[in-house]
Each structure stands twice: as C-alpha cells, then as structure tokens.
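So you can see what is in the structure, the chains are spelled out below.
2 protein chains.
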Amino acid sequence: MSSIVTFLGKGGTGRTTSAIATAKKLAAAGKKVILMGQDSSPAWGMALGIDPSTEPQSVSANFAAMQLNTTVLLENSWEEVKRLEAQYLRSPILKQVYGQELGILPGMDRALALNTIREYYQSNQYDVIIYDGSGGIDTLRMFGMPEILSWYFRRFRGIFTESDIVKALSPFVQPISSAVLNTAWTTADITENTDNPASQMLEKGTEALSQGKVWGYLVTTPNPIAVATAKYLWGSAQQVGLSVGGVLINQGSITDSISADFAPLNVTELPNFDGSNWQTLMDGLPTIGEEIDTPQPIEFVMAERKIKVFLPGFDKKDVKLTQYGPEITVEAGDQRRNITLPPAWRGNSVTGAKFQKGYLEVTIG
Amino acid sequence: MSSIVTFLGKGGTGRTTSAIATAKKLAAAGKKVILMGQDSSPAWGMALGIDPSTEPQSVSANFAAMQLNTTVLLENSWEEVKRLEAQYLRSPILKQVYGQELGILPGMDRALALNTIREYYQSNQYDVIIYDGSGGIDTLRMFGMPEILSWYFRRFRGIFTESDIVKALSPFVQPISSAVLNTAWTTADITENTDNPASQMLEKGTEALSQGKVWGYLVTTPNPIAVATAKYLWGSAQQVGLSVGGVLINQGSITDSISADFAPLNVTELPNFDGSNWQTLMDGLPTIGEEIDTPQPIEFVMAERKIKVFLPGFDKKDVKLTQYGPEITVEAGDQRRNITLPPAWRGNSVTGAKFQKGYLEVTIG
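As you go down the protein sequences, you meet chains F and H in turn.
Under the working numbering, the first residue of the first sequence carries the number -2, and numbering increases by one thereafter.
Under the working numbering, the first residue of the second sequence carries the number -2, and numbering increases by one thereafter.
Any given hint could turn out to be false.
Since copy identity is lost for identical chains, a pair holds within one copy or between any two.
As a list, the in silico DMTMM-like pairs of lysine to aspartate or glutamate whose alpha-carbon atoms are at most 20 Å apart [unchecked claim]: (1) 92 - 159; (2) 354 - 161; (3) 313 - 48; (4) 354 - 296; (5) 210 - 296; (6) 303 - 358; (7) 28 - 288; (8) 210 - 116; (9) 314 - 52; (10) 92 - 52; (11) 164 - 82; (12) 305 - 315; (13) 164 - 328; (14) 354 - 116; (15) 314 - 72; (16) 317 - 358; (17) 305 - 287; (18) 317 - 296; (19) 313 - 358.
It is worth saying that the hints were derived from the structure and are not from the lab.
Make the full structure from the sequences, and use the hints.
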C-alpha cells in the first residue's frame, strides 16, 4: 500500500522545496516515489529542475514527477463519463459535448487531483505519493472530500426517498426507464443503489484516508504569522482525519515557544537551502511517511461513553458542537465534521462536553 | 459602482501586506474601502492588527475588514435555498437539513466568496472592494466562474432540450408539477427559464466582470520562480477577463529583465516593510483600482475578420485553439475560454491563427 504525504503551511515557507527534498531522500533510500504538483505554472518545474509533464516523468532513479493539469484531467474524466453514459442510456446525449471545450470551475482542480491520487494509490506502482498542493485549507478540503461528499449523498438520499417528489415520480419511473435507459431502473435503484462507480470511488477514497495513510507535515518559518498559520492547519488537518507527523522549521531556529506551540509533535530545524544543496537538506529532514505515534484524530472510549476529538491549535471559543439525531457535528477552523454515533449509543444525547489541552471530550448520556 | 481589486502572485511575496496597504491608502484618500480575507485562520487578523469578524468591522476611518468564513456563509446561503424551496414546493423537503451540519466541499469557498463580493458590489456601500484571496489560480477560477458556469448552463440546456430524456419526460411534467409544485411548470420552463435567482446572480456577476471592474495587481520578488509565477498568472488573468493594472516588486529591485518580462505593464518597486511602517509602504504604492490604459483581454476587429486575444506570459506551445460550431475555445495556462463568434461570422470557420508578442490572432474565413 502506498503512503500519501503532503506539506502544509503558509505560502513561501518552503513547502515545495521540502516536498522535493523528501522525494529525493526516499528515492535514494530505495522507495519508489511519485511527486504530484498541483501548481500548473512553469514555476513548478523550475523548482524541480525539469520541464514537467502531465504524465509521470523520471527525475532520477526511483523518483518520478507529474504536474496535475486540470484541463487534461477533465478531458480524460469526461471521456469516462461519456463511456458510462453510453452504457446506461439508449441515446447518449453527452457525446455532443467535447472534453476540449469544458471550462474549469472552482473545486474541479481538487476533485480531479484527488481522483488522480486515488488511481495511483490503488495501482500500487509507487511506495510513496507526495502531493505538493497549495498547502492550506484547499488541500484539506480535498482530502476531506470523500467523507463529506458521502455524508451529503447519505443525508440527501434519505430525505429524497421520504419526499413527495419521489413518491409522485415513482409510478412514472418504470415507463420512462424503458423508453430511455438501456436497463430497467426503479426509484429504489436511484435512491438506494450504492453499487455505482461514483459511490465506489468515494468509498475507496475514504478507505485510504481512514486507514491513516495520509501524512501531513507542517512547514513554517519562525515568523509569528507563519507559525499561527501552521498551528491552524494542524488542527484543521485533524478535522479531515489526516495524521500530522511533525513540523519543519525553515529560515530560522526552533524557540521554546515554537516547541510548546506544537507539542507533542516532533519539530525539526532544516538547514539553509541555497537552491542547489539538496543533499544537505535531505540529510536534515526527519523520517517522513512512516508510522509514528501521533494522537488519533478521533477516539471512541466505549466504557466511559466518551468521544475524544483531538483538535490542537484551536481555542475553546473556536470549537462548536451540535447534535442532530444519531450524528454530532464538530465545527472548528472553518470546517465541519459529522460523526455518527456508534449503534450502542443511538437515541442518546450529548450530556457533556469540555475542551482542554487540545482535546474535545464529548460525553453521551 | 464599486471597483474590485485583488493581488496575484506566489505565496510569501507580500500579497496580503500589499492588500492592507492599498486599503489604508485608498481610505486615507477618502474612499470607502472594504477588505475581504479568504484566509479563515487567525494569521489573517495578525497581519491586519485586529481580531477579525465575519461581518464588516471598522479598522480605521473609511476602512472596514471582514474575514470570509465558509461555514458561516454556507449556513446563510442554505437558509436562502430553503426559503426559495418553500416558495416553489408544496412540501419542502430541505427544511429537515440544517445549515449547521453541512460540510465544506472543494469549490464552496470560492463560490460563496464570489457571492459575497457580488452582494457588496451590488449594494454600492463601498467605493472599493479589496479581495485578499489565495492569489493564485484559485482566485482566477473564482472570477471566471460566472462566465464558465453560464456556458455550462447554456450548453447543457441545449442538449437536454433536444434529448430523448426530456422528450420522454415531457408528458409527465404537468401531472407531476401539480402534485408537487406550488406553481404549474412545463418542460419549457425547466429548459428555457432564465428568470430564476441562480441565472440572475450569474448574470450580475458576469456583468461586473465584463465591465472591467475587477483589477488584478501582480506581486512578486525578484526571485525567478516568483517572477515566473507572476507572469503565468498575468496571462491566466486575461483568460478570465481581469484587467491587470501593474506589478509590485517586493524584497528587491527592478531589473531590466523584470521590466521586459512585464512590458507594457507599469512596474513599481515597493519600499521595505518591517511589519509596522505602513505609511512608507502606502506612499510607495502606485495608484490602484482606477481606469488605466491596459490591453483589452479580447478584441473583435470586424473589418479584418480577426479576434485578438491578449495572452501575455505564455509561449506559443502553451496556447491551443479549437472550434465547435459558433464557438472557439482558447486553452492556455490550464484554463479554457469559450468565445462565441459574433452573429455576422456564424457558420464560418477559423482560417488562420498566429501567436506573437503575447497576442493570439485568430482569422475567421
């Protein structure tokens, strides 16, 4: 199984440089590594010293790099959508729309990047996939997408099935199906069918994340604004289930206050990088992408009827908790995470919640 | 009418600082200014010296700031969606879903930010809206959204109207309508109705952009990777119709090569900023957000049967041109722009195209 590694922090603190050095170091140790760059500008290849391609391209032994180009990825995905449509519809209509004319809307970059990461993850061609993204909340939105999207599907499928619209449509579904579709469908298929390619993709994506296979590393300088950004991203990363493995300090020294800010994480001071001394930088990196002991983002303590959510870097005032039936919603850092209560606790309510030392402790009555 | 100003460039080159200094300068000159921050972390307020709020908050005379918090914006929009649903549906189903439980998917941050910018733009409360976004392609995707989304609507409405699905559904629409909707709808309403709130929002958004009301300023250091990023964003900004008004150089001097890279733009070297000498920085800024003479992103030369598209910062090999019926698609910088031919040229084909000095010149036969 591949590991997935990404670097989080404020722009200009050395995330891309750290990603490249990590790729070089792991490749030198014999791991097969692919570096994926979200930045589609020529600047990305300059940092890497190659003219990058949208297909994996060898940089050195064991080390391949590819630039994620959304127009190319969208064209390929569109062909796949048309192929699926042709399977299900008697008279496909989407064939009249060409992949080459599709514009890019907000969100498509990350959705298509995640799909690419998933494909390489499932192919098992590489030991480590390093995703060099924009390194902030957008990267976290991307990794959080499978869980959140599957929540939307479940929640809205539930209410649509119960709705007057579906009840009114039901008698018509069969005749329309036979006129339009290659296969006969019923309303039940539409509302309950989870065996479709979209659901499967989501589940595989969620699986990769839930197995703790995505590692985030925080990158910062000693500048207080950069440190505050890294702390915020640490907490935010927990909200999408990322394992944060450590902190890299660039362009300065570790202070006591920085160590305290990021405890219990391992903090590493990186050597100065002059644009070419890669070996020095590689030697200065900690071990990256391997199982280490970090706090679990979320833990169910059944005996104590408690849920412990690790939310470092936040203040008590930043954290909000709500409950709707069998689900509790934790809001922190401009993100929401919906946690479904274990079956044993269904029907029970939150009776207590406290936030201290970076942990939200929720008690279920 | 408000002007909208945004700063584009690599992370860490001083975009947020430039945005704040610009706000202070314009406010000191008597303009009413609002600064909107896309960064939802506490780091954003630190740069500004305030504890920011999700509602406009006074920083100093004429100068308000607000932090765009996507969870808050999504909750408010969801209330609006439910209000609309209740108007149209006999038995609203969405009321069972609470805004407080909705997670954030990729794309929502920018869609909701654009909607907020549009609201403030239409309210005319401020002379200048400064959007401090992530400053890269994501900001451009946001400003490009109205035009691209309305293209998707037009294109897919066209093919759905002609499709077997809609033809098969047509006889059922009336009976379902009366069972489910508060008003009677026909298939024609669904496929042709452009008088709905979503279309109107899009049109207003496109209007703001097409009137050249959004100004982008490039921010860079003399570092070659930062310069390459700024050049790429210059060309990419043209693709979404932004007017790029100039270049700000931070942490270094203007060289001949930088001036040549960005000709004919005005390039300004900013004084060093130590974190507090705002007045020095304000004095060093060029005039921002006012009508200046920049090349048009796109120009139709009817007499010569030519379309001139300004795409600076790109090489010939980065630019692709395709034609489907009455529309030509220009692809450059991981973006696509669909240009509908003027009625006089409909039915004609592209007979020639050349790319030189940053201009794509397309001849229609």
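For each hint, the structure was consulted:
no.	hint	verdict
1	92 - 159	between (34 Å within a copy, 13 Å between copies)
2	354 - 161	neither (48 Å within a copy, 60 Å between copies)
3	313 - 48	between (47 Å within a copy, 16 Å between copies)
4	354 - 296	within (15 Å within a copy, 60 Å between copies)
5	210 - 296	within (17 Å within a copy, 50 Å between copies)
6	303 - 358	within (7 Å within a copy, 66 Å between copies)
7	28 - 288	within (15 Å within a copy, 55 Å between copies)
8	210 - 116	within (15 Å within a copy, 41 Å between copies)
9	314 - 52	between (46 Å within a copy, 17 Å between copies)
10	92 - 52	neither (26 Å within a copy, 46 Å between copies)
11	164 - 82	between (26 Å within a copy, 18 Å between copies)
12	305 - 315	within (17 Å within a copy, 51 Å between copies)
13	164 - 328	neither (35 Å within a copy, 45 Å between copies)
14	354 - 116	neither (38 Å within a copy, 40 Å between copies)
15	314 - 72	between (44 Å within a copy, 19 Å between copies)
16	317 - 358	within (12 Å within a copy, 55 Å between copies)
17	305 - 287	neither (24 Å within a copy, 53 Å between copies)
18	317 - 296	within (18 Å within a copy, 51 Å between copies)
19	313 - 358	within (12 Å within a copy, 58 Å between copies)
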